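**Student:** For reference, the chains in residue letters:
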Amino acid sequence: MGKKHQTPLLDELKKGKWISFVKEIERAAEKSERTEDLLGQVEESYRDKVNHWKHGGMAGVKGYGAGMVGRFSEYPDKYPGIKECHSMRIIPSAGFFYNSDFLRKLADISEKHAGGLLNFHGATGNIQILGMSQAEAEDVFQAVAELGFDLGGSGSDLRTPSCCAGQARCEFANYDTMKICRHLTEEYLDELHRPAFNYKFKFKFSGCSNDCVASAARSDLAFIGTWKDKIKINQEEVKNYKKKFDVQKYVLDKCPTKCMWFEGENLAIDDENCVKCMHCINELPKALKAGDERGCSILIGAKAPLVTGPRMGMMLVPFYDVNEDAKNDYEWIKSLISNMWEFWDEYGVSRERIGELIGRVGLNTFLEGIGLEPIPEMVEHPRSNPFIKFTEDED
Amino acid sequence: MAEEVKKKRLTDIGPHDYNEYLSPVIKKNYGKWAYHEIIDPGTMVHVAESGDKLYTVRMGSPRLVSGSFVRDICDIADKYCGGHLRFTTRNNVEFLIEDEKNVEPLKKDLEKMGYNVGGIGNIVANIVHTQGWVHCHTSASDASGVVKSVMDELYEYFVEEKLPSKVRIAFACCLNMCGSVSSSDIAIVGTHRKPPRIDLERLRNLCEIPSTIAACPTNSIRPDTVDGKPAVKVNEETCVFCGSCYTVCPAMPIANAENDGLSIWVGGKVSNARTKPTFSKLAIPFIPNDPPRWPGVVNAVKTILNEYKKGAEPGERVGEWIDRIGWPRFFKITGFPFTKYHIDDFRLGETTMNYSSHARL
Ligand code: HEM
Ligand code: HEM
Ligand code: HEM
Ligand code: SF4
Ligand code: SF4
Ligand code: SF4
Ligand code: SF4
Numbered sequence: 001m002g003k004k005h006q007t008p009l010l011d012e013l014k015k016g017k018w019i020s021f022v023k024e025i026e027r028a029a030e031k032s033e034r035t036e037d038l039l040g041q042v043e044e045s046y047r048d049k050v051n052h053w054k055h056g057g058m059a060g061v062k063g064y065g066a067g068m069v070g071r072f073s074e075y076p077d078k079y080p081g082i083k084e085c086h087s088m089r090i091i092p093s094a095g096f097f098y099n100s101d102f103l104r105k106l107a108d109i110s111e112k113h114a115g116g117l118l119n120f121h122g123a124t125g126n127i128q129i130l131g132m133s134q135a136e137a138e139d140v141f142q143a144v145a146e147l148g149f150d151l152g153g154s155g156s157d158l159r160t161p162s163c164c165a166g167q168a169r170c171e172f173a174n175y176d177t178m179k180i181c182r183h184l185t186e187e188y189l190d191e192l193h194r195p196a197f198n199y200k201f202k203f204k205f206s207g208c209s210n211d212c213v214a215s216a217a218r219s220d221l222a223f224i225g226t227w228k229d230k231i232k233i234n235q236e237e238v239k240n241y242k243k244k245f246d247v248q249k250y251v252l253d254k255c256p257t258k259c260m261w262f263e264g265e266n267l268a269i270d271d272e273n274c275v276k277c278m279h280c281i282n283e284l285p286k287a288l289k290a291g292d293e294r295g296c297s298i299l300i301g302a303k304a305p306l307v308t309g310p311r312m313g314m315m316l317v318p319f320y321d322v323n324e325d326a327k328n329d330y331e332w333i334k335s336l337i338s339n340m341w342e343f344w345d346e347y348g349v350s351r352e353r354i355g356e357l358i359g360r361v362g363l364n365t366f367l368e369g370i371g372l373e374p375i376p377e378m379v380e381h382p383r384s385n386p387f388i389k390f391t392e393d394e395d
Numbered sequence: 001m002a003e004e005v006k007k008k009r010l011t012d013i014g015p016h017d018y019n020e021y022l023s024p025v026i027k028k029n030y031g032k033w034a035y036h037e038i039i040d041p042g043t044m045v046h047v048a049e050s051g052d053k054l055y056t057v058r059m060g061s062p063r064l065v066s067g068s069f070v071r072d073i074c075d076i077a078d079k080y081c082g083g084h085l086r087f088t089t090r091n092n093v094e095f096l097i098e099d100e101k102n103v104e105p106l107k108k109d110l111e112k113m114g115y116n117v118g119g120i121g122n123i124v125a126n127i128v129h130t131q132g133w134v135h136c137h138t139s140a141s142d143a144s145g146v147v148k149s150v151m152d153e154l155y156e157y158f159v160e161e162k163l164p165s166k167v168r169i170a171f172a173c174c175l176n177m178c179g180s181v182s183s184s185d186i187a188i189v190g191t192h193r194k195p196p197r198i199d200l201e202r203l204r205n206l207c208e209i210p211s212t213i214a215a216c217p218t219n220s221i222r223p224d225t226v227d228g229k230p231a232v233k234v235n236e237e238t239c240v241f242c243g244s245c246y247t248v249c250p251a252m253p254i255a256n257a258e259n260d261g262l263s264i265w266v267g268g269k270v271s272n273a274r275t276k277p278t279f280s281k282l283a284i285p286f287i288p289n290d291p292p293r294w295p296g297v298v299n300a301v302k303t304i305l306n307e308y309k310k311g312a313e314p315g316e317r318v319g320e321w322i323d324r325i326g327w328p329r330f331f332k333i334t335g336f337p338f339t340k341y342h343i344d345d346f347r348l349g350e351t352t353m354n355y356s357s358h359a360r361l
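Protein sequence lines correspond, in order, to chains W and F. Just so you know, the working numbering puts 258 at position 258 of the first sequence, and the rest follows in order with no gaps. Just so you know, the working numbering puts 108 at position 108 of the second sequence, and the rest follows in order with no gaps.
Treat the hints as calculated values from the structure; they're not laboratory data. This one's a predicted model, so the numbers in the text were calculated from it and none came from an experiment. Heads up, the beta-carbon is just placed ideally off N, CA and C, and yes, glycines get one too. A few of these clues could be false.
Unchecked claim - Listed next, with one range per pair, are the computed distances between beta-carbon atoms:
1) W:378 to F:355: 22 to 28 Å
2) F:341 to W:393: 43 to 49 Å
3) F:205 to W:339: 39 to 45 Å
4) W:108 to F:310: 58 to 64 Å
5) F:39 to W:15: 48 to 54 Å
6) F:156 to W:328: 37 to 43 Å
7) F:156 to W:108: 33 to 39 Å
8) F:355 to W:389: 22 to 28 Å
9) W:11 to F:109: 23 to 29 Å
10) F:226 to W:63: 39 to 45 Å
11) W:57 to F:156: 39 to 45 Å
12) W:342 to F:258: 46 to 52 Å
Said to hold, decoys possible - Derived lysine-lysine pairs resembling DSS-like cross-links, with alpha carbons at most 27 Å apart:
13) F:310 to F:276
14) W:62 to F:310
15) W:289 to F:27
16) F:108 to W:14
17) F:302 to W:15
18) W:232 to W:244
19) W:232 to F:332
20) F:79 to W:23
21) W:23 to F:53
22) W:31 to W:83
23) W:62 to F:162
24) F:6 to F:28
25) W:243 to F:162
26) F:6 to W:112
27) F:166 to W:286
28) W:23 to W:54
29) W:14 to F:107
30) W:249 to W:232
31) W:286 to F:101
32) W:243 to F:166
33) F:27 to W:327
34) F:79 to W:17
35) F:28 to W:232
36) F:166 to W:239
37) W:105 to F:8
38) F:162 to F:332
39) F:79 to W:105
40) F:166 to W:244
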């Protein structure tokens, strides 16, 4: 079979042991002819070392202000198949659990109405179907909706929330990440589908501080599982581990607060000084478990570099009793979120993420705005400069 | 449900109920897992308090996949897992197996089909990455091609445990950093080196001048008047080539074939285990784009990985290893030159200086 475009440079990327995206694009092109032109254009990029997409252009589905990203080829005459090459974002199943029946149907949709290419998953966690025209968007939307799936976020809105596998398949999970993720997505569908924020806002949920979904590095509001009471120790299993490797050197000596020691054969932990970093539990999973009083910490403000530099999430609420709040439909957290969004709406400027706003107005102003008290867990250490702005109410 | 959707064109149906996709053993033991063990880099087992076991086989994916790929993994899931499977944050596929007898045959089938089994434990994890030339207009480099080239070279580290700890590599093709790569053991980031060009005609039609000015982190965009009409100008002395202006104003393209390329960053992490999460730091400010196989980037990553493997203690992540040996030694053993670009002159840059007499001499 004759190829439509010669792709000698891309062909180099079909060699080697790691799975080849070029072969994937070729396989997609076998089912959806237009994707031949994607190969052609990418080959051209490989030749001239620049991309050949126009900046943006609108694409969308009636009734939604988000969920599609428009993409147009710079050379529509040369590559008519990708003149329009939009992608649709679809809210994933929490924890990315699926079955073969759904995935096969989705594959069929992508081949029938789009370029036969999908992302599992986009960086935010959406399923993405790539390569459709505006005219086809409605068909794809309908077909996806009939499978019981809905569009995700894009632009200045609540982005699609995501979570780790949590209690479905991980013994470290301190709360039900999938349940709260689904609940809050459901609660804020309007904020997700109709952009009305200053900029994007992300929630991510990790069941413990290993933070498998990197929530503290890339979500405005990160929920990271933790516990309050004592780590549960199975001394017999500790002894078994001691026979296998140097527990003192690789576990105790690496505890960041040095709060573990051996009393004879038995392991002891000063739990008041434990910062719940997960190291010891990761290393001795059969011997150690988080306590029974479980919940999560909430960190705020993480974001990528643009515009004013990258930020890591900072501690806002050291212990949120999410398991208790779950019984009340998460009322407490919803009221905190609504305070935050009001403050952001009132004081934030366009394209300012909430972390940047806090940086600009100061943490104290933000805390007052949302009704939280300053506490020492929020800082690395108290201030070391003397330029204190005392206020009138301080008599 | 489907019928109703068809008739009424319902919108806002919301997230799908994940419970529909949980296998019986997961439903039964939800929240009651006791511990897990890594059997080999492709396989782990989770054991529940009830004694039930769930085996997981992990397989690499390029994230950008065809419908045929999806059908392949569905066939495997039907044959061995009752149709159940999931994806990980790093775009791997995970097969969820109840019967231990199915583990090895499943892996054999995957290998026969040419798929990569691995990615658990002290390995080089699948590289999270962005869209690149395949699907984004802001990109300073391709994404998938660089990732493929690096993973081909590091393949042995995905399928075998040979490293002191896990190594997470991430890739973003511009400073938007869609993948939030900035906290990875090794991050590869697309980098522009020339200021945006201004297309005045299109600017007037397409861009809102105040928001374009506000987009700039260094206040390098100023209002201007050309031929009596509103315009903008860029102060090339202060522009840091970030491309933020192009994101809001399509008439300020910044891509430049001769001057775009990649930078390498090291020592970040997101987990809280032992040390706090931290950003990756600059190792190499610029490597030119050299498609189709990017040997410059591949060699740089390999150099870092080799030195890390030689020098780190068991359990140390890349950042912890560098903290212990110090940055001067890192530059010495990798042979990467330390340049003026490594000194931070952006906001808060002065907080990164060495305020002490400590030096490893
Ligand atoms: C005054 C002019 C414009 C402003 C202020 C503006 C602003 C923005 C902002 C703030 C974003 C969000 C980026 C993000 O998702 O984080 C965005 C995304 C985008 N813009 Fe613009 N834009 C403008 C003009 C345009 C034009 C004229 C086009 C197309 C011709 C365009 C295409 C896009 C696309 C495709 C996206 C990605 C959407 C997404 O992430 O869902 N923009 N723009
Ligand atoms: C026109 C501009 C842009 C386009 C077309 C674009 C495209 C994308 C795409 C396709 C994704 C994956 C989405 C998903 O999984 O649902 C993504 C994620 C992301 N984008 Fe963009 N983007 C644009 C602008 C930006 C800007 C301006 C920023 C930052 C200032 C940004 C930061 C991110 C981040 C951090 C993620 C990953 C989020 C996560 O991992 O949770 N993007 N973007
Ligand atoms: C030893 C026990 C551990 C288990 C059972 C475990 C389990 C998992 C699981 C199930 C995922 C996939 C999550 C998802 O996609 O929802 C994952 C990913 C991840 N884990 Fe862990 N984890 C463990 C330890 C750690 C440690 C010690 C770290 C960091 C030092 C860590 C960092 C991550 C990160 C960053 C990811 C995302 C990358 C990926 O999907 O491969 N994990 N882990
Ligand atoms: S974040 Fe913690 S609870 Fe969630 S999957 Fe990772 S290790 Fe398990
Ligand atoms: S969780 Fe971390 S801080 Fe707490 S005892 Fe274990 S190693 Fe120490
Ligand atoms: S990192 Fe930049 S170039 Fe790459 S996909 Fe994201 S916005 Fe596009
Ligand atoms: S590239 Fe960045 S620094 Fe330069 S003018 Fe544009 S926004 Fe400003």
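**Student:** Which of the numbered hints above does this structure break?
**Tutor:** Numbers 4, 5, 6, 14, 19, 21, 23, 24 - these are the hints that the structure violates, sorted from lowest upward.
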